[in-house]
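Below are the chains, spelled out letter by letter.
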Amino acid sequence: MALSIKNDKVITIVPPKKLSNTERDKLVNTPVNTKLIKKATSRKYNIV
Amino acid sequence: MIEIKKYNSITTEYQLFKKLLESLELSDSLEQKHRETLFIKDICKRVEKSKTVLYVLKKDNEKLALISISSTSIEDFPALQIDFLFVSKKYRGLVLEELDNVKTSEYLIELVISIAKDIQENIGLKYIVLLPDNKDLEKIYKELNFNKLNKTGWMFISI
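Keeping their order, the protein sequence lines are chains H and W.
In this text, residue positions in the first sequence follow our numbering: the first is 1, and each later residue adds one.
In this text, residue positions in the second sequence follow our numbering: the first is 1, and each later residue adds one.
Rather than coming from a laboratory, the hints here were simulated on the basis of the structure.
Just to be clear, a hint being listed does not mean it is correct.
Said to hold, decoys possible - Which stretches of chain W does chain H cover? Using the computed rule of at least three CB atoms under 8 Å from a CB of chain H, they are: (1) 2-16; (2) 29-39; (3) 74-86; (4) 112-119; (5) 126-140; (6) 144-156.
Said to hold, decoys possible - From the derived model, a few chain W residues whose C-beta atoms are all more than 10 Å from chain H: (7) S50; (8) E62; (9) K63; (10) K89; (11) K90; (12) Y91; (13) L94; (14) V95.
Said to hold, decoys possible - Once the Cα atoms are required to be at most 20 Å apart in a straight line, the calculated DMTMM-like pairs of lysine to aspartate or glutamate come out as: (15) W:K41 - W:E31; (16) H:K38 - W:E121; (17) H:K39 - W:D118; (18) H:K35 - W:E106; (19) W:K18 - W:E31; (20) W:K148 - H:D25; (21) W:K33 - H:D8; (22) H:K17 - W:D76; (23) W:K151 - H:D25; (24) H:K18 - W:E75; (25) W:K58 - W:D100; (26) H:K18 - W:D76; (27) H:K26 - W:E143; (28) H:K6 - W:E36; (29) H:K9 - W:D133; (30) W:K6 - W:E48; (31) W:K90 - W:D60; (32) H:K44 - W:D100; (33) W:K19 - W:D76; (34) W:K51 - W:E36; (35) H:K38 - W:E143.
By construction, the Cβ of each residue, glycine as well, lies at the ideal position given by its N, Cα and C atoms.
Just chain H, same shape as in the assembly (with noise of 0.2 Å):
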């Protein structure tokens, strides 16, 4: 979730703009889970 509760309003959170180098890194070299993604589009989904 980017919503959190600050003195009972809903308020929004954005990504990080500026990462470190290991954030960065982390986020780049971070593999695709082939599988997981095999298996999430080889369903069906029923959106109406």
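Let chain H serve as the given structure and place chain W on it in line with the hints.
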């Protein structure tokens, strides 16, 4: 029958917020119930303003859960953001045969992955991101294959 009703600024309904609250089972804790109410109300407003799209999972017309998603970026990487995920209390943690034997939350995350792959193919997208509301949820999202980015709590899936 399993059905996912999509609500965007065009298809949203009058008093959607009230209809959702009437049909979803919120947490027992008064504080948590209040938070969930605020979130659902806010999400419905965001749907009207084209800030998010809401997907409501239904089984034989009973509402089980909802998830809302929007576009964002993390640094300069285009990303899909999960704004809110809510599972009706009686379905939390349950594996349902009708959902290919996965939990409701897992089914909705996989729906989002499927949508994200479509977007990636058409306009480019690199990550699915979210910020858990609390530590307990962080553990659940780890089980759902999200990786923790940093101490701020942001989590992501590479697609």
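Evaluation of the provided hints:
With 5 residues having a beta carbon nearer than 8 Å to a beta carbon of chain H, the region 2-16 of chain W meets the requirement of three or more and the stated coverage holds. For the region 29-39 of chain W, the stated coverage by chain H holds: 3 residues have a C-beta nearer than 8 Å to a C-beta of that chain, and at least 3 were required. With 9 residues bearing a CB less than 8 Å from a CB of chain H, the region 74-86 of chain W meets the requirement of three and the coverage assertion stands. For the region 112-119 of chain W, the assignment as covered by chain H holds, since 3 residues bring a beta-carbon within under 8 Å of that chain's beta-carbons and 3 suffice.
With 7 residues having a Cβ less than 8 Å from any Cβ of chain H, the region 126-140 of chain W passes the three-residue criterion, so the hint holds. Evaluation of the coverage hint for the region 144-156 of chain W: fulfilled, as 7 residues show C-beta separations to chain H shorter than 8 Å, against a requirement of three. With a closest Cβ-Cβ approach of about 15 Å to chain H, S50 (chain W) is found to remain outside the 10 Å limit, as its non-interface label requires. Here E62 (chain W) stays apart from chain H, with its beta-carbon at least about 15 Å from theirs, past the 10 Å limit.
Distance to chain H confirms K63 (chain W) as a non-interface residue, since its nearest Cβ pair spans about 13 Å, more than 10 Å. The non-interface label for K89 (chain W) is consistent with chain H: the shortest C-beta to C-beta separation is roughly 18 Å, beyond 10 Å. Non-interface call for K90 (chain W) relative to chain H: holds, since the shortest CB-CB distance, roughly 21 Å, exceeds 10 Å. Here Y91 (chain W) stays apart from chain H, with its beta-carbon at least about 17 Å from theirs, past the 10 Å limit.
No Cβ of chain H approaches the Cβ of L94 (chain W) within 10 Å, the least distance being about 18 Å, so the stated non-interface status holds. No beta-carbon of chain H is positioned within 10 Å of the beta-carbon of V95 (chain W); the least distance is around 15 Å. A C-alpha spacing of about 16 Å is found between K41 (chain W) and E31 (chain W), which places the hinted pair at or below 20 Å, so the restraint holds. Note on K38 (chain H) and E121 (chain W): the hinted pairing holds, with a Cα-Cα distance of about 15 Å set against a maximum of 20 Å.
For the proposed pair K39 (chain H) and D118 (chain W), the alpha carbon gap of about 14 Å is at most 20 Å, so the pair holds. The straight-line distance between the Cα atoms of K35 (chain H) and E106 (chain W) is roughly 14 Å, inside the 20 Å bound, and the hint therefore holds. For the hint linking K18 (chain W) to E31 (chain W), the alpha-carbon distance of about 19 Å falls within 20 Å, and the restraint holds. The suggested pairing of K148 (chain W) with D25 (chain H) holds, with an alpha-carbon distance near 13 Å, which does not exceed 20 Å.
For the hint linking K33 (chain W) to D8 (chain H), the alpha-carbon distance of about 13 Å falls within 20 Å, and the restraint holds. Annotation: proposed proximity of K17 (chain H) to D76 (chain W) holds, straight-line Cα distance about 7 Å (limit 20 Å). For a cut-off of 20 Å, the pair hint linking K151 (chain W) to D25 (chain H) stands: about 15 Å separates their Cα positions. For a cut-off of 20 Å, the pair hint linking K18 (chain H) to E75 (chain W) stands: about 6 Å separates their Cα positions.
Simply put, K58 (chain W) and D100 (chain W) have alpha-carbon atoms about 14 Å apart, close enough for the 20 Å limit, and the pair holds. With a CA separation close to 9 Å, the supplied pair K18 (chain H) and D76 (chain W) stays within the 20 Å bound. Taken as a hint, the K26 (chain H) and E143 (chain W) pair is honoured in the structure, with Cα atoms around 18 Å apart against an allowance of 20 Å. A threshold of 20 Å between alpha carbons decides the hint, and for K6 (chain H) with E36 (chain W) the separation of about 13 Å falls inside it, so the pair holds.
For the proposed pair K9 (chain H) and D133 (chain W), the alpha carbon gap of about 14 Å is at most 20 Å, so the pair holds. For the hint pairing K6 (chain W) with E48 (chain W), the CA-to-CA distance comes to about 13 Å; that is within 20 Å, so the pair holds. A hinted pair counts as satisfied when its Cα atoms are at most 20 Å apart, and K90 (chain W) with D60 (chain W) qualifies at roughly 16 Å. Taking the CA atoms of K44 (chain H) and D100 (chain W), the gap is near 11 Å; set against the 20 Å cutoff, the hint holds.
Of the pairs offered as hints, the one joining K19 (chain W) and D76 (chain W) is violated, with about 38 Å between alpha carbons and a cut-off of 20 Å exceeded. For the hint linking K51 (chain W) to E36 (chain W), the alpha-carbon distance of about 19 Å falls within 20 Å, and the restraint holds. Restraint check: the Cα-Cα separation between K38 (chain H) and E143 (chain W) comes to about 17 Å, which is no more than 20 Å; the hinted pair holds.
Hint compliance for this structure: hint 33 alone is broken.
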